[in-house]
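Same order as they appear, the protein sequences are chains E and H. If you're matching positions, the first sequence starts at 1 in this note's numbering and goes up one per residue. If you're matching positions, the second sequence starts at 308 in this note's numbering and goes up one per residue.
If you are wondering where the hints come from, they were derived from the structure by calculation, not from laboratory data. Among the hints, a few may not be true.
Unchecked claim - Covered stretches of chain H, going by a simulated chain E footprint (3 or more residues, C-beta under 8 Å):
{"hint": "1", "stretch": "548-555"}
{"hint": "2", "stretch": "563-572"}
{"hint": "3", "stretch": "687-694"}
Yeah, the Cβ is synthetic: ideal placement off N, Cα and C, and Gly gets one too.
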Amino acid sequence: MSATTEPAVTTTEKPGQLTKDTYRGRIHPDWCPGCGDFSVLAALQTAMFELGLQPHQVCVVSGIGCSSNLPGYVNTYGMHTLHGRSLAVATGVKLGNHELKVICTGGDGDGFGIGGNHFVHTMRRNVDLTYIVMDNQIYGLTTGQCSPTSVKGMKTKSTPHGSVENPINPIPMAIVCGATYVARAFSGKQKHMVEMFKGAIQHKGFALVDVFSPCVTYNKDNTYQWFNPRVKILEEQGHDPTDLHKAIDRGYQWGEEIPIGLFWRRTDLETLEEQEPVLHTGEGPLAFRSNLGIPSEQAKALINELL
Amino acid sequence: MAQPTKIDFAVGIGGENGQGIASTGDILARIFARRGLHLNAYNAYQSIIRGGHTFLTIRASDAPVRNMGDKIDVFIPLNQDTMDRHLHLLKSGACAIYDSEKITPGQAADGVQLCPMPMKELTQGNKLAINTAALGATLQLLGIESEPLESVVTRQFKKKGDAVVAQNIAIARAGYDYAAQNFKAFPWKTPMGAKPLGVITGNQATAMGGAAAGVKFYAAYPMSPSTGVLMWMAAHARQLGIMVRQVEDEIGVMNMVIGAAHTGCRSMCATSGGGFALMSEAIGMAGMIETPIVCIDVQRAGPATGVPTKTEQGDLWQVLGAGQGDYPKLVVAPSSQLDLFRTIPELFNLCDKYQCPGLVLADLLISEGTSSIDPDELDFNVKIDRGELILPNGNIDGANAASGYNDKAYLRFKNTESGISPRAVPGVPGHIFTAATDEHDEDGTIISDEFTNPHKRRMMVEKRGRKMQAAIDDIAPPKLFGPENAAVTLVGWGSTEGVIREAVEKLAGEEGIVANQLQIRWIVPFHAAEISRILWQKNVIVVENTYSGQFARYLRSETGFDAQGHIRKYDGEPFMPHHIVEAVKDQLAGKTRLSVPVHEVLA
Numbered sequence: 001m002s003a004t005t006e007p008a009v010t011t012t013e014k015p016g017q018l019t020k021d022t023y024r025g026r027i028h029p030d031w032c033p034g035c036g037d038f039s040v041l042a043a044l045q046t047a048m049f050e051l052g053l054q055p056h057q058v059c060v061v062s063g064i065g066c067s068s069n070l071p072g073y074v075n076t077y078g079m080h081t082l083h084g085r086s087l088a089v090a091t092g093v094k095l096g097n098h099e100l101k102v103i104c105t106g107g108d109g110d111g112f113g114i115g116g117n118h119f120v121h122t123m124r125r126n127v128d129l130t131y132i133v134m135d136n137q138i139y140g141l142t143t144g145q146c147s148p149t150s151v152k153g154m155k156t157k158s159t160p161h162g163s164v165e166n167p168i169n170p171i172p173m174a175i176v177c178g179a180t181y182v183a184r185a186f187s188g189k190q191k192h193m194v195e196m197f198k199g200a201i202q203h204k205g206f207a208l209v210d211v212f213s214p215c216v217t218y219n220k221d222n223t224y225q226w227f228n229p230r231v232k233i234l235e236e237q238g239h240d241p242t243d244l245h246k247a248i249d250r251g252y253q254w255g256e257e258i259p260i261g262l263f264w265r266r267t268d269l270e271t272l273e274e275q276e277p278v279l280h281t282g283e284g285p286l287a288f289r290s291n292l293g294i295p296s297e298q299a300k301a302l303i304n305e306l307l
Numbered sequence: 308m309a310q311p312t313k314i315d316f317a318v319g320i321g322g323e324n325g326q327g328i329a330s331t332g333d334i335l336a337r338i339f340a341r342r343g344l345h346l347n348a349y350n351a352y353q354s355i356i357r358g359g360h361t362f363l364t365i366r367a368s369d370a371p372v373r374n375m376g377d378k379i380d381v382f383i384p385l386n387q388d389t390m391d392r393h394l395h396l397l398k399s400g401a402c403a404i405y406d407s408e409k410i411t412p413g414q415a416a417d418g419v420q421l422c423p424m425p426m427k428e429l430t431q432g433n434k435l436a437i438n439t440a441a442l443g444a445t446l447q448l449l450g451i452e453s454e455p456l457e458s459v460v461t462r463q464f465k466k467k468g469d470a471v472v473a474q475n476i477a478i479a480r481a482g483y484d485y486a487a488q489n490f491k492a493f494p495w496k497t498p499m500g501a502k503p504l505g506v507i508t509g510n511q512a513t514a515m516g517g518a519a520a521g522v523k524f525y526a527a528y529p530m531s532p533s534t535g536v537l538m539w540m541a542a543h544a545r546q547l548g549i550m551v552r553q554v555e556d557e558i559g560v561m562n563m564v565i566g567a568a569h570t571g572c573r574s575m576c577a578t579s580g581g582g583f584a585l586m587s588e589a590i591g592m593a594g595m596i597e598t599p600i601v602c603i604d605v606q607r608a609g610p611a612t613g614v615p616t617k618t619e620q621g622d623l624w625q626v627l628g629a630g631q632g633d634y635p636k637l638v639v640a641p642s643s644q645l646d647l648f649r650t651i652p653e654l655f656n657l658c659d660k661y662q663c664p665g666l667v668l669a670d671l672l673i674s675e676g677t678s679s680i681d682p683d684e685l686d687f688n689v690k691i692d693r694g695e696l697i698l699p700n701g702n703i704d705g706a707n708a709a710s711g712y713n714d715k716a717y718l719r720f721k722n723t724e725s726g727i728s729p730r731a732v733p734g735v736p737g738h739i740f741t742a743a744t745d746e747h748d749e750d751g752t753i754i755s756d757e758f759t760n761p762h763k764r765r766m767m768v769e770k771r772g773r774k775m776q777a778a779i780d781d782i783a784p785p786k787l788f789g790p791e792n793a794a795v796t797l798v799g800w801g802s803t804e805g806v807i808r809e810a811v812e813k814l815a816g817e818e819g820i821v822a823n824q825l826q827i828r829w830i831v832p833f834h835a836a837e838i839s840r841i842l843w844q845k846n847v848i849v850v851e852n853t854y855s856g857q858f859a860r861y862l863r864s865e866t867g868f869d870a871q872g873h874i875r876k877y878d879g880e881p882f883m884p885h886h887i888v889e890a891v892k893d894q895l896a897g898k899t900r901l902s903v904p905v906h907e908v909l910a
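With the rest of the complex left out, here is chain H (with noise of 0.2 Å):
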């Protein structure tokens, strides 16, 4: 058989958690990366630390990855429970490489090669390395040679020292040399790429853009599936200069960046649907002291406790509303790892020029999710632009120098044309006020307790709002993908733009239907005449992880368009392409308006 023209494979790891999943996992994902294969990562676990059961799944390929895709081509089940809940699932051309000693495949479908391997011979007996064997036999399978092995198992073990690299390479070597002599190798050989590649986390893109945007205060409590921007921050903050704290609550969390912020740093937190319920008063605070923030919240599945390992969509409302009262915010749904490192800075810029919180939703499926990424696209080179923002020494640049004490005719909350008032922080001499969270009068005074003013509470209320007119000018409308006229246009929000891309694709490619897709990011604020003007007379399907329609219902209630379909999926785990295929044709042939894909991975 020839090269196809495109090879796209995706290899599949099940176990128990402390199996070293995640270990092989992350070599593979080096592997083809430094081949300069795409890839898209995405971990099927529970919130437990060992047993249970993990599922992760690498989707590599010569052309970009979007998302984990719909099959499996090299199964590995380091367990029984894994062989029996995957096996049924692969296709003809698939392989599943296991321990022959310990695990009985079932009935496997034609064509599916079963590649059973004596481990404990191969391992000498070292239980915890079974799955750099399989790691051996799965390079051995996909064409690729077996040095990179070598380099990045050192790289993986070599903080456990020389000895275990050493073993680990051997075993992975006999892995290797084992399937050589036993199994039949794919018909094709992975590719080299034009380039290598990185390997990046959402999470770690979102502490990246932090740095770039130049955050100098994070503080966080440890909250799944964002703890990983926590992580990183704290690993690097001593080296870039960030102030790094560990808070004793959400609560704590939001206060301490909002008093960071309002010294003049720009600053910024991570949390995940239950802890931003629990900063949300102190976000109407920001907006009430007009300080800017940015806090990301890496929706899971809620309510409450929820699925803490499983992904949503359902906070979008929750963000929407977040601290009582009415008052100006900014949200943003990034759709990848690469558009959430663009999109901090962006937000930053957005934030300090209107002085308000900025909020992220981006969640576990693209903050714990991991893609290849092309090192010159994470350009760290940003525009930083801090408004109308008064430092010691003038502006940011030094240039004009300011002076004075003990004056009292700054207007810290000025009612200007814009609503932006020129924002002077402590410390800086001429320009004593005080922030409060009661209503008050442009110099700061409280206006709540012994005259509250009706005039000027209005006159407040309207120069903070009055913020917002401009800021629809400062963002990118949406773009239709596809062509213009087509038989269906999917709409989506934020990180679920890969699948519902691919599924375009495949609605083409496939089975003949011209589809197009409006993916938004930008939901505060919200091109409404833009998008209105898109959806006019389409015939639209909106595509959301959540129960009740979040999105279709913020979309109706901003354009006043009532999509036709909907294709909803809200069991924790996201979106294949196929889903949203078959829910596209079953709806296009009149069966249904509503599609809820059942997972079938995990029978």
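The shape of chain E in the complex, shown without the other chains (with noise of 0.2 Å):
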């Protein structure tokens, strides 16, 4: 066994000395002012300081995007991968140590445009992640061109003439998909946000919240004055999240109301990692395993296949 670093430690503060700025990153985020992106990020550092998350036991993955420099911005585990490919790495990261809290940001290009496939497939799984979709209708980071939820017609730098596309709608289709929570937050609603963070967090199972984050810079149509008169809490409306096609209905509603909140919640589904025993062998999680490599009784019997 090689030598391992003596780890450097200076100990600022010491466990369960929580407080909200715990939660907060090395460096303030260099989004335009106004991004509704600063409310989202506020709402998640909340978040974690209400449900007592230990920052070294939280990851926090992004893809790319102007949302998805997040991770640099909360203090606790981050990874900040590749265009559209922040679910496969989480997965990766879930099943690698399944006692870590895994959470997903990023844009709607990210999540719906370039990562679609893995949306959709991480969703069938049910992998224990929480995905905060910071929706702005727009690409800001290549300064304005349409993107998978600009609403048909929206005039952008690559749609000049209008849009000519449908876009997607993240909820229902994650409903069909197999997501197991599903909610829908507003940069301007941020304690309603805490909220549907903090059930997505402690949901287990997939849960997805997709949050109109409006791009004040070059989103002009969809702006917290578009939505503000808008959107309706569902919470406040008796809306029944366990009833299947309710939650579609709702989540197809657009126009002069847009419902916020939690559409669809189960809880009856097994997550993936509670379905593969090698995680339950009692030795925690994959990654810390101590003994790597086949003891020689079980190295004799895969050769003895051989023979």
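Please assemble the complex out of the two chains, which come individually in their own frames, going by the hints.
Structure representation (structure tokens):
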């Protein structure tokens, strides 16, 4: 066994002394002033604080895009991966160490465009992940092209005559693909968003929270002012999140009234990790198993298969 | 005729996919290996489940067998098409076993024994058992007693029930007895070797090498010819405590493997060239966030879908260039099934040490190819060195317990002298960081967006690159096989080791030409100085399975050495020893500097 470096530890805080500041990252966000993502970041930090999560037991995984810069702004383990790949990487993280709380963050282009295939398959597997999409219906980091959630007719730099494509609606899509917690939040309603995040993080299984997080620079259509009068909180309307058909119906609602809140939740399905016996041998996470390699009795059995 | 000092024979079975060729091959291979014979089997097949043309060659000997050889001694055509395609290739002394009622032989060479068998009668009308009757006859001609047949047939068919086992044993025995009464056996008897050997495919060897190395996470998308690794892993996952996942595409595979590796698991995946192309952006991520992973590219003939069931070495430059940008990675090309088994743990240790991706260039020839294996050579007790890894209880031995919390002083990407930075994984208290694919500072903070500091960028590029400076000392330089002074030096890489070795022996033994061989395993890092020293002033011919000479070009790029001659094959089938022997003779006679041998069997 090789020499392993002694960890250099200068303890600045002790476990148990969690404050909201605990979750503040090393650097300040470089988002545009007024960006909806500030509200998402604050809500996520509040949710983690209120749930008492230990920062070293959380891994926040993002793709690429404005919103995907988020892991650098929170004091937890983080991965800022490739465009569209956060869910695939996060699945690997969760299976490698299933004791971590794994939270994915990203944008609509990252998750529903380039990452669409992983989005569908991660949901059907019901991996125990929380996926927060900062959905601004535009590509911001590339300076304003249409996204998979841009509404039909929207004029952007890549659709100067108006988009002729129909948008993805992530809420019904997530429900039919097998996500077991499907919610929507709005950057203008931070307290409500905190509740959505807490529910998602505590939920065992794949949880999507699609957040209307306005891009104040490139999306002049779907602004705070546009959303504010339209969003209606499902929890205030007596919506039953265990009713599949109502969940889908409310998910499709768009126009003068746009629901936010928990559309759909089911707790009767096992997660991927729960169904994998190799994670439940009593030896802890795969990543920390100390006896690597094959014991000689087992090696003999493997060789015997060849004889 | 006295028993020759060395017995070396090959059985060729051909027909449509679905005619039981693979199971017949498995039975023969096991009978030979259990006798202690060395063997090599290669299946020339097509990408369909039923129909088409499949031709399996099993070559066995009491001496080591490194490739499928040049000749067929027992030919078993299971349909007319196979008879028509191959009979003319048989030489005097060979025999052809076939169904006398269904198949008509063409003109065979003098001395070829035709062995027609009344298969309907011998198999009691069971068409699926014609191969079993032919198998019985084959063993009789080879002078093998019938007992081992029964135990191996039982093993092969036991899942199908006692009735099927009993019927197959009876049919095999009927074939055996029919041959004894009607055909002339070979003038030698198949010998017994020193001890029983096992039978292994390269894909099995790769998977077992991963298990030995302590792989805890394996992911794949099925792709010929790499799928055998997934199948072995899936079959043994729960028994060995390995998480195995079939993922939606190869992009997902590589990203998932990196996620698991980032948490501290040894993580691996295998694919072929098309899947590898999809993985390549993520391989760059492993380079950028310095996460060790191992990926095996089992090459097949490309480009695009290419020829899914045929072999080639055309992915060399793809693997060299995998992922945009300029970053360190390790690339190795194992030379045999056993070498695949041994390479995987070796590569994992280096990947953990240098915190970078490790890529294996295998190909259909060795990965789907079958070899005998000495069970004592499969040593699972391998060295496991995780490098500078920080786990929650300190190092992997649990020696130094870490503590601390919310520590902002830890530098995951510390600019050390070696370029290697101590690697903490998520879950370790006191070592929080973000791993970013954007260029980042020592603490993980990205430096690509707000203020791109050229000095920091240079520092981090050099930090990563510096890791490779020492890696060359960790790998063995290639060695010249054969006499130092030779008329020609044959240079190959990866899977062609066995066939070139035999060509060198044949050149000496049959043609009086002194040749030697330099086979190269490690592609990156490349022992350029040592290779230059060896090749200096030699007459060099590069042997490879490509059209454009990818390896010859790589050799030139790394050493400045321009080979005098080239032998290339890109028809999908592997080299046979005589292809190389004849090409060397042509080139030494000054006839050409580029030989492209014609593959005769599938005429």
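Hint check:
1. 548-555: holds (count 6)
2. 563-572: holds (count 10)
3. 687-694: holds (count 7)
Checked against the numbered hints given earlier, the structure satisfies every one of them.
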